[in-house]
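S.K.: Spelled out, the chains give:
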Amino acid sequence: MAEFSWEVRSPLERALVAGPFGTRGDAGVSLTEIRNFDLIQVMARRSKAAHMAEAAKGRFGVPAPDTPRAVDAADATLIWSGPDQFLVLSKSGKHAIEALGQAFAASASLSDQSHARVLISVSGTKARTMLAKLSSIDLHPDAFSIGAAAATSIDHTSVTLWRGTDGPDGQAVFNLLVLATFAESLWHTMLDAAAEYGVAIAHSEA
Amino acid sequence: MRIVCPFCGERELGEFTYLGDAKPARPAADAGEDAVFDYVYLRDNVAGAMSEHWYHSGGCRAWLKVTRNTLTHEISAVEPAAGAGAAKVGA
Amino acid sequence: MKYSIFSLARAALSGHKNWQRTWRDATPKDRYDVVIIGGGGHGLATAWFLASEFGTKNVAVLEKGWIGSGNAGRNTTIIRSNYGLPGNTGFYELSMKLWERMEQDLNYNTMVSQRGVINLYHSDAQRDAYARRGNTMRINGIDAELLDLKAVKKMMPFLNFDNERFPVQGGLLQRRGGTARHDAVVWGYAHAASALGVDIIQNCEVTGFARDANGKVTGVETTRGKIGAGKVGMAVAGSSSRVAAMAGLRLPIESHVLQAFVSEAIKPLLPCVMTFGAGHFYVSQSDKGGLVFGGDIDGYNSYAQRGNLPVMEDVCEGGMALMPMIGRVRLLRQWGGIMDMSMDGSPIIDKGPVDGLYINAGWCYGGFKATPGSGLVFAHLLARDTPHKEAEKFRLDRFRTGAVIDEKGQGAQPNLH
Amino acid sequence: MVGGPQTHRLSNGGLIDRSAPLSFRFDGKTYVGFQGDTLASALVANGVKLVGRSFKYHRPRGILTAGSEEPNALVELRSGARREPNTKATTAELYEGLEVASQNRWPSLRHDFMAVNQLFAPIFVAGFYYKTFMWPAKFWEAIYEPAIRRAAGLGRAAGVADPDHYDKAWAHCDVLIAGSGPAGLAAALAAGRSGARIILCEEDFALGGRLLADGGTIDGRPAAEWISRTLAELGSMPDVRIMTRTTLFGVYDGGTYGAIERVNDHLPSPPEHQVRQRLWRIVAKRCVVAAGSIERPIVFAGNDTPGVMMASAMRTYVTRYAATPGKRIALFTNNEDGWRTVEAALGAGLQVAAVIDARPDVSPAHRSLASKSGFTVLHGSVSSVEGGKDGVRKIAVLLTGGARAEVEADGLAVSGGWNPAVGLTSYHRGRPKWRDDIAAFVPDGAPPGMVAVGAANGAFGLGACLREGFEAGAAAASDAGRNGNAGAAPVAEDEAFSLTPLWRVAGKGKAFVDQQHDITASDVELAQREGFESVEHLKRYTTLGMATDQGKTSNIAGLAIMAAVSGKSIPETGTTIYRPPYVPIAIGAFAGHHRDEAFHATRLTPSHHWAAEQGAVFVDTGLWKRAQWYPRAGEKDWLESVTREVKSVRGGVGFCDVSTLGKIDVHGADAGAFLDRVYINTFSNLAVGKARYGLMLREDGLVYDDGTTSRLAEDHYFLTTTTAKAGPVMQHLEFCRQVLFPELDVQLTSVSDQWAQFSIAGPKTRDVLKEIVDPAEDLSNEGFPFMGARKVALRGGIRARLFRISFSGEMAFEISVPARYGEALVRNLMQAGKQFGVTPYGTEALGVMRVEKGHVAGPELNGTTTASDLGLGKMMSTKKDFIGRVMAGREALIAPDRQVVVGIKPTDKVRRLRSGAHIIPKGQTPGPDNDQGYVTSVCFSPTLDQWIGLGLVERGRERIGEIVRAHDPLRGEEYDVELCNPVFYDPDGGRQRG
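Sequence order for the protein chains is F, A, V and C. Letter 152 of the first sequence, counting from 1, is numbered 152 in UniProt numbering, and no numbers are missing. Letter 90 of the second sequence, counting from 1, is numbered 90 in UniProt numbering, and no numbers are missing. Letter 185 of the third sequence, counting from 1, is numbered 185 in UniProt numbering, and no numbers are missing. Letter 172 of the fourth sequence, counting from 1, is numbered 172 in UniProt numbering, and no numbers are missing.
Please keep in mind that the hints were generated in silico from the structure rather than gathered at the bench. From a predicted model like this one, the values you see are computed outputs, not experimental measurements. Each hint can be trusted.
Pairs of lysine-lysine, BS3-like flavour, derived with a Cα cap of 27 Å:
id, chain 1, residue 1, chain 2, residue 2
1, V, 150, C, 636
2, V, 216, V, 389
3, V, 29, C, 568
4, C, 636, V, 153
5, C, 433, V, 64
Non-contacting residues of chain C with respect to chain V, defined by C-beta distances greater than 12 Å in every case (computed):
id, residue
6, 195
7, 228
8, 268
9, 374
10, 390
11, 433
12, 488
13, 495
14, 496
15, 564
16, 644
17, 693
18, 767
19, 795
20, 837
Ideal Cβ placement from N, Cα and C applies to all residues, glycine included.
So here's chain F without its partners, still in its complex pose:
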C-alpha cells in the first residue's frame, strides 16, 4: 500500500517569484501572498441574524461586522462579505469549519472557503496608485479607513478587499482575497499594474 503525500499547493506557487520586479530601485509596491489560512463563510439563517451576532461575539469576543468592515479579534479577522454574512479568517486551524460548526449551529450556515481564495497583501508608497488601476473603490484615507472592507470586483472577478492596520513604515496595507482559479491571472494583472513603480514580491507561509 503506497503512502501518499498531501502537499498543499498555492495557486500562485508557480506564478509568484519572490524578489524584485519591474522598475529597479526602491519598490513602490510590495505584494505578499499569505499562505495557509482558514477562511469560513458564515451566513445567517433566516431570521437568525441576531443569534449569529451573539454567537460571533461569544466565539471571537468582538461583534461580527454588519457593515462593510473588517474586525480584528484576538485570533481571527471577521470580514463583512454581504448582508447577513461574513468571513472568518484565521490561522492554525483554531477556527476551521469543524471548530466553528458548533458555535454557529443554530444561527448560521457555514461554507469552507479556505481553498477557494488566495490572500494577497498590497502595501508601499504606491499601493493606492497601483490599486487605482484595478479597483473602482475610493481608497483615499478618509474614504477607506483602517478596517474598511469591500465586496467588489477586479478585472470582472469578485474580490474581498479590506484595509488592515498600517505597516511598521506607516504605509497603508490593503488585503485582497481573490478567487483561487483566477489567482494566477489576476496576479499577472497586478504585476503589470505595479511594474512601473517597482515591486517587491514575497510570500509568507504563516
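Following the hints, complete the assembly by docking chains A, V and C onto the known chain F.
M.R.: This is chains A, V and C only, laid out in the frame that chain F set:
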C-alpha cells in the same frame, strides 16, 4: 452610472447586472397561463421612472430594487429585494 | 429630376442651382388611406412599396423630427442575411435581394457594398453552430462559406494570430453581405416615395390615436392636427412601446441603448465586415475611411440615446484583442440608439389586436439590414391584410403560443439577445 | 545637431527652452525646434506653411489653429508600428528625433496627384455620389467604391500591432475641473481652500490656458506670476491633483467622467514598464468646466490658403512660442479680441499690413495704434485671398460701401468671434442656448453636478473668468460638503468685447466652412435647396462637422449659413447633437491592459500545471483552460490520443479534472423545498447521502441548465451546474432566494473554487480508489451504491467528498478535495493507479463518452429545447410548482412535430459525421420545407468504431431506424445516416451501476 447599494455603498455600473422590470410578482401556482404569460413577457418599458431589478453581482450579491429614470438614467431610490439581508427580518 | 452622371454634369454647368428638393415638403391632408407613423427607413420603405408595388399612393409618413433621425441614422450600416431559424432566414434573404436592386429601384445611390460579412469562430462549438447556420442559409438558397484558419489568415492577415487569448479558428462568410450608406437609404426611399405621391411630413409627432365606437383606429392625433386614416401602421422601433401604449397596447419589447463608434478616417484597411466571436466587437470601414464599430447593448432599459463607459471599454477591448493594429487609430465619435429589444430577439410584424393598427416593431439591433424587406412585407400586410409569406412567423401571438424565434436561445430576457 | 536656421523664430521671448534644441524630420527633411514647442510651432518657426492636404479636393493646407480644434495640419506622426495617422501638429509635442510625414497625398505633399480632384469640383459637390455610380450595379464594388475608398481616408494606420501599452485607472474627487486657464485655476483655488479633494485636468502640457499666450494682469501682477503663485498654493494642498496632458473627454452617468492622459506621448517611446496613455474614469461629486472657448473663422473665398490662421492662434505662436507665422500680416476681424493679435505682432516686431474690421466702428485707441504703427484700418471684409502652397500673397477686401481694396501680406489672422466649448456640457443631450450679445451658443442643460464657467460659459473677460471660476469652485466644494474659507477671489479687469456677427463673405471662389472635409458655403446652400435643411440632415448630407476636429471650427458657421439661406434665425436652426469624445482618443487606451493574452482573465483548474507538465493540449472553455487531451509520443493526431484515452477508460480506468463545474452549497431548513421550486424534479425527498440528476427550466419553460445535486446533510445540498452556466445559475438561484421565495430559509454560497473535483471512471475505478481512500470506507456496490454521495477520509487524513455518479457510462466516481490538494490528488491517483494503467483524459474523451451514452450537453441545451425535446420530459413533476412549469405547457412547446434529441450514425461506417449537417428526408431535394433538423454533437466512437452523433430531428423519437440524408453543403458533403437510439453504449446502464 453608479448605484448606491444599500449594503455596500455607491458602486460603479460594472459591478451590477440588470434584469429588468421589478413590478410584476410571480403568479401563484394556480394563477393560470394568462397570468404567467403576462409575468414572463409583458414588462414595463416606460420612458421615465421605472422600478427595476439589479443584481450586485460584482459585490455583495444582493438583489436590489432600483428606481431609475430611463430618459436620464437618474436613480432616485434603491432598496434591497425582500430576501436580501432578510436574516434580520422576523427575528 | 432623374439622378445620373449626366444630370450631375448638366447641373454643374448651372452651378447646381436647379436641383429640386429630394422629397416634397408636404403639409398634412385631412385623410389618407394609410398613415405610417415613423419616418425612418422602415416607414419610408413601407410607403414606397405601398405606392410602387401595391398601388396605394394616398399615403402619409409622419415623422416627429427629421426623417432618419431614429435608428436609421444611428446604426453601423451592416446588411446581411445570415440567420439560422425559420422565419428569419427567408425574411432577411428577401431583404438582401431587395438591397441588391435598391439603387436601380430608387434612382438613388445608397452605396450598397457587398464586400462580405464574416463571423469569426474560436472554438469547435462555435464552428458547429456556424456550420448549422451556414447550412441553413445554403438550404434556403443563400450564399455561405465556412472558412478555416488558413483562409481567414489569407483574407485578413492583420488579425492577431500570435498571442490571442481566444485564437481565431475560422469564420462563416457571407460574401453578399456588406454595408450600405444608412442615411442615403432614408433619403432614397423618401425621394422615390415622394415622387409617387407619398406625403412625407416632418416635425409631426403623433400624440394619440383616433378610435371609433368599436375601438377601431380611424386616424391619429398629431402636433400638426388630426389626420384621418383607413389604416395606421407604426414603424417606430425604439419607441414602439410608447406609441403602442397610446392605443392601450402592451408589447413584449424593452427599449435598450446600443452604442456605436466611429474612428477617424484612415486609408483602406478592412476588406469586409467582421464580427469577433470571442468578445463583443464588430467592425467595418466606411467608404470615407472611418472604422465603424460596435458591440453589445448596454444592458439596461434606456431611452437616453447614450451609453456608458463599461460597454465602450468592452468594445474597444474586443477590437484590440482581435486587431491590435488599431491601437493608435483614434475613436472619433460615440453615439447611442434605442433598440426595440423583443423577448425572443426577432421582430414583430402583425396587425391587431387593435383593429386598424398595424405593428412593425421589435427589430432589436437588426433593423437596418431589414429595411427593404420590412418595407415590402409591411406594405403587403397593410395593403392586403394578410402577411407576406416571408413574414408569417413574425406574429405577435407567438409568445403566447411558444412559437418564438430565438436565435440566441436566451428566452424572455431582452438584454441577452 | 543638424538642420537649418529657424527662419521664423523670434530672437527672444516665448515659453520655450532655447537651451534645449530638438531636431525632427518632416517629410524627410530635418528641422530644429525647441523644448516647449509643439510640432506646429516648430514648423511655424521654420517657415513651413504647407503641412497637409484636404480630404476631398486635396487642396494644400497649412496650420489654422494652435489647439485640438485643428482641422488642417494633420500628419502621420512617428513611424513603423508607432505610426499615428491624423495627428494634429498643433497638439503634438516636439521631441528629439520626432519623425513626421504628411498624409493623404501622392506622390508628395507639394505635388499631389489627387489634387486633380479639384478639376472635378464642379461635379464633386455635396452628396454628388448619391446621384451617380448606380449603373451598372456590379460596378460599385468592382470599380467605383475601391476608387472612392482609396481617395478617401486620411492617414495610414500602422498596419501592425501597436507595440505600446495602455492602462486604465479610477480616480475620485469632490470637484473635478476641466481646464487650467484663469477660470479653472480660480475654481481650483476656491475649492482647494474650502478643503475639497480636487482633480484638475489640462489638455496642454503647460498650465495657464489662454494666459500663456495672452498674459494680462491679475491682482495687480503679471498673469505668469499669478499662475506660479496659484500653483504653489495648490501644490501645498494635500488633496489637489493637477493632471497635465489630460483631456476630459466625456461625462457619463452618476458623476463619472472619462479623461485621457497622454503619459508619454511627448517622448519617442514610453520608458520601460510605462504606458503610452492612461484612460481615467473619474468619479466626481461636482464638475467645473473651464474649458475655454474656440475662436471661429469667417468663411470667405480662399480662406483655406496656408497662412490664413485664427487670430488667437497667430498670437499664440508669436507670444508663447516666439514663432512668426508671417513677416507682414493682416488681420480680419469682426470683434475687439482680434486686435490683440495686432498688438502681439507689433510687440514682436512684425509688420502689420492692415486690419480689416467688419464692425462699423473701431475704437479710438486702435485707431491711434494704427496710425502710430503705420498700418491702415479697412472697414469691410476680406472677399478673397490670393496665394497657394507657399502661403498668402494678397488679400482682396470689399470695403463697406462697395469699394474694393487689396492688401499685400504673407499671413492673415482671422477672428470671427468665440464659441464657448460646449461639448462636455451637452453630452447628456442638453441643447446649448443662443446668446445674441456674443453671437454664440452657451451651455444649457448641463449634466447633473456640472457647471460651466468663464469663456466656456460665454464670459470672455479675464475678470469675469476669475470671478465665475472662483465662485463656482467654492460652490462646488460646498455642494460636496467642504465649507472651508475660500478667501478672496483673484481680481482682474474685464477687457472690452464687441462683436458684429459675420459668418460669411460672398465672393468668387471656394469658401470653406469645414476645411478638412472641403465643405463650402455653396455646399450648404445646395443642401438647403435639396431639402436637407435640418442641421442633422445638413451634417449627414454634406459631412459638415464630421471630420477629426468634430466641427469645432466649422459647425456654427455652417448652421449660421444654413439659417441665413433658409430664412431662419440661428437658434431656430439649432445645433446638431454633441457627441463624445471631446477629442479623438486612441482605441488602445480604451482597451488598456485588456489585449492579447490579457484580453480576458484566465481560470486555471487545480490540476492545470500538472497537466501542462504532461504535455496536455488545452482548450478554452469560457475563461477556463481545460486539458483537451494528453498526447503521447508517437501519436499522429488528436484522434489517436483521444481514442486511446476513451479505450483506457472503457477498458480500465481514467480520470479527468471536472473542477470547472459550478458548485454551490445550498444550506438551510428549506433547502429541499427551494430546490423543488428551481428544478423540474423533486429534491426534498432525496435521502441524505444520495445524489440526483436535476434539470432546471427558465421561467419561459425552456431548459436552462442541468447537473447533479447531492444531499450531504438534512439541511445541506451540494449543487453542481454546467461549466458554462456556473455564474448565471448562481445569479438565478440568488434571484429565486432573494426575490421570488424570500420566505424560505436558504443560504447559497459558491464553492466552485473550494473544491478540486475529478471524475474517475472505468471498470477499475474501485481498484484505484481503494488505494487512495481510507480502508475503513466501504466502496462496495452495497456500501456505496450508484448515486451515493458522502464524505470520506483519504489515506493520509485528508477529507474528501465522493459521489458515485457517471457521465461516461462506466462504473465511476467523482471525488472532491479542497483545491490546494488537487494537484497532490492527481499525483497520488497516478501513483496509485499506475498498476491499473490509470490514464488521465481530457475534455475530448469526456465528450466522446457522453455522446456514446447519449447524455445531452451544451449543443443540445441550447436555450431553445424543452425537457421533452431532450428526452427528459418525464422528469417534470406534476405534483409541485416549479420555475417554468406553466410556460412549458404552451402549444408550440408540446407540439408533436418538434425537433427532439436522437442518435445519428452514418450508414457507411467509414464516413465521418459532422456537427452542423442538416437532416433531410431521403430522396428529397433540400429546401426550407424539409429541413428537419441538424446534427448537434459528434464524435468518433472507438467503442463502435465509427463516427456517431446526436441530433435534434423533427419527430426523431418516432423515426428510430429511418435512413435520412445528412446534408452539409458548406463542406460539400451529403450522405445517408440512420436515426437511432441516442444511447449508443450500454443502453440499460448496467456498467455504471455495477
